[in-house]
Amino acid sequence: MPKFVELWVYLSSTPLFGLTATLAVYLVAAQVYAWLGQAPWANPVLWSVVVLSVVLVASGVRYEVYFAGAQFIHFLLGPAVVALGWPMWQRRAVIRRNAARLLAAAVVGAVAASGSGFAIGWALGLPREVLLSLVPKSVTAPVAMGIAEHIGGLPALTATFAVLAGLVGAMSARDLYRLLRIPETPQGWIARGFALGTASHGIGAARALHVNADAGAYAGLALGLQVVLQSLAIPLVFGLLR
Amino acid sequence: MRTPLMGFTWLLLLQTAGELLSRGLGLPLPGPVIGLLLLLPTLASARIREQVAPCADWLLAHLSLLFVPVAVGAMSYLPVLREYGLRVLVALVLSTWIGIAATALFLRAFPPDDDAEVR
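Residue numbers (our numbering), protein chains in the order written: chain A, 1 to 242; chain B, 1001 to 1119.
None of these hints come from the bench; they were simulated from the model.
Treat each hint with caution, since some may be false.
Label-pair distances were calculated between CB atoms; the ranges are [unchecked claim]: (1) A:R101 to B:R1023: 27 to 37 Å; (2) A:G125 to B:S1045: 49 to 59 Å; (3) B:R1082 to A:Q187: 39 to 49 Å; (4) A:P235 to B:L1089: 24 to 34 Å; (5) A:A119 to B:L1078: 21 to 31 Å; (6) B:T1016 to A:W8: 52 to 62 Å; (7) A:W8 to B:V1080: 25 to 35 Å; (8) B:S1045 to A:W8: 44 to 54 Å; (9) B:L1020 to A:R96: 23 to 33 Å; (10) B:E1083 to A:A119: 15 to 25 Å; (11) B:F1110 to A:S13: 34 to 44 Å; (12) B:L1078 to A:A123: 19 to 29 Å.
Backbone N, C-alpha and C define an ideal beta-carbon position, used for all residues, glycine too.
Please take these sequences and the hints and turn them into a complete structure.
Set out below in structure tokens:
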């Protein structure tokens, strides 16, 4: 038995553990998601995170040790964001012709998501640093953390809010669109994907890519626009308010 | 050479150029986003396009996976949320729905023209 314990201690402290565990758990979660007809509640990010968190807590492996392996996957987020340019390039004619209204939609979405988050949080009496951490939650986590730091929020809390905003959008968008009667037409898919990328960044875009190629492409465009808009606008607005 | 490795190298080169521009010029945009903007004119070359397309499609097909490590880390902060109780979750969920609804309704009111022929 001590041999086994020794082996486990060794393996769980090498990068191999975090990398292998992330891939294995995700592949099972993605397979189950496919079997369930991509039901929104079966979101593979959510269930991978749940299972991996339980594994880490149960085995006593610290997050830093897990991340030593998982960072190889995390690293690919950078080139993946660059890669979002490819589906956009394929739709460049439509995007160019509709540039003004897509930009207007992005501004509407940014004001609605960030403004309502601030207003509701303020009405509910949340402390100042939590409110400020809530504002950039619609932007992809690494960028949101930078914005939060800039305006006096707590970056770690913002990362949590951003992940939750991503999951909430990815898991509830379909029902929300049915309620609002957003059609499943080519134009409807643009609206559906763009709106999901606007409020739920990359996690929303990943869901949109699963459902429809157009929705995925416009979700990517929307998340890029939010990064640009909110990185520029939030520090400006909260700099003036301060 | 039309291997996916070439495409991956292109993506990394553009991200590197993006990081250099972001840091060097003190731009408020993150390196990968500048890399995305640099990719668009680069794709005008058919040769580069052939190299980048398979790699980009592969990365984007597994985009969900790439968020798992940071999401696991974010979840370790969940106990902090207990301090602020349900209020913070209410604000987060409602504002996310409001953001999605406002954007989708705007685009339903002003639908983009999606002429397949022009594509």
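Return holds or violated for the Cβ distance of F1110 of chain B and S13 of chain A against the range 34 to 44 Å. 55 Å, violated
Holds or violated: the 21 to 31 Å window for the beta-carbon distance between A119 of chain A and L1078 of chain B? 24 Å, holds
Range agreement (Cβ of A123 of chain A with Cβ of L1078 of chain B, hint 19 to 29 Å): 23 Å, holds
Look at the Cβ atoms of R101 of chain A and R1023 of chain B and judge whether their distance stays inside 27 to 37 Å. 34 Å, holds
Is the distance from the Cβ of S1045 of chain B to the Cβ of W8 of chain A consistent with 44 to 54 Å? At 51 Å between Cβs, range holds.
Beta-carbon spacing of T1016 of chain B to W8 of chain A - inside the hinted bounds 52 to 62 Å or not: Given about 38 Å between the Cβ atoms, the range is violated.
Per the hint of 49 to 59 Å, is the separation of the Cβ atoms of G125 of chain A and S1045 of chain B within bounds? 56 Å, holds
At the C-beta level, are P235 of chain A and L1089 of chain B separated by a distance inside 24 to 34 Å? 26 Å, holds
Status of the given 23 to 33 Å range, CB of R96 of chain A versus CB of L1020 of chain B: At 28 Å between Cβs, range holds.
Should the hint that R1082 of chain B and Q187 of chain A are 39 to 49 Å apart at their CB atoms be regarded as holding? 43 Å, holds
Whether the CB-CB distance between E1083 of chain B and A119 of chain A falls inside 15 to 25 Å: Holds: the Cβ-Cβ distance is about 21 Å, inside 15 to 25 Å.
Measuring from beta carbon to beta carbon, are W8 of chain A and V1080 of chain B in 25 to 35 Å? 30 Å, holds
In terms of the numbered hints stated before, the structure departs from hints 6 and 11, listed from lowest to highest.
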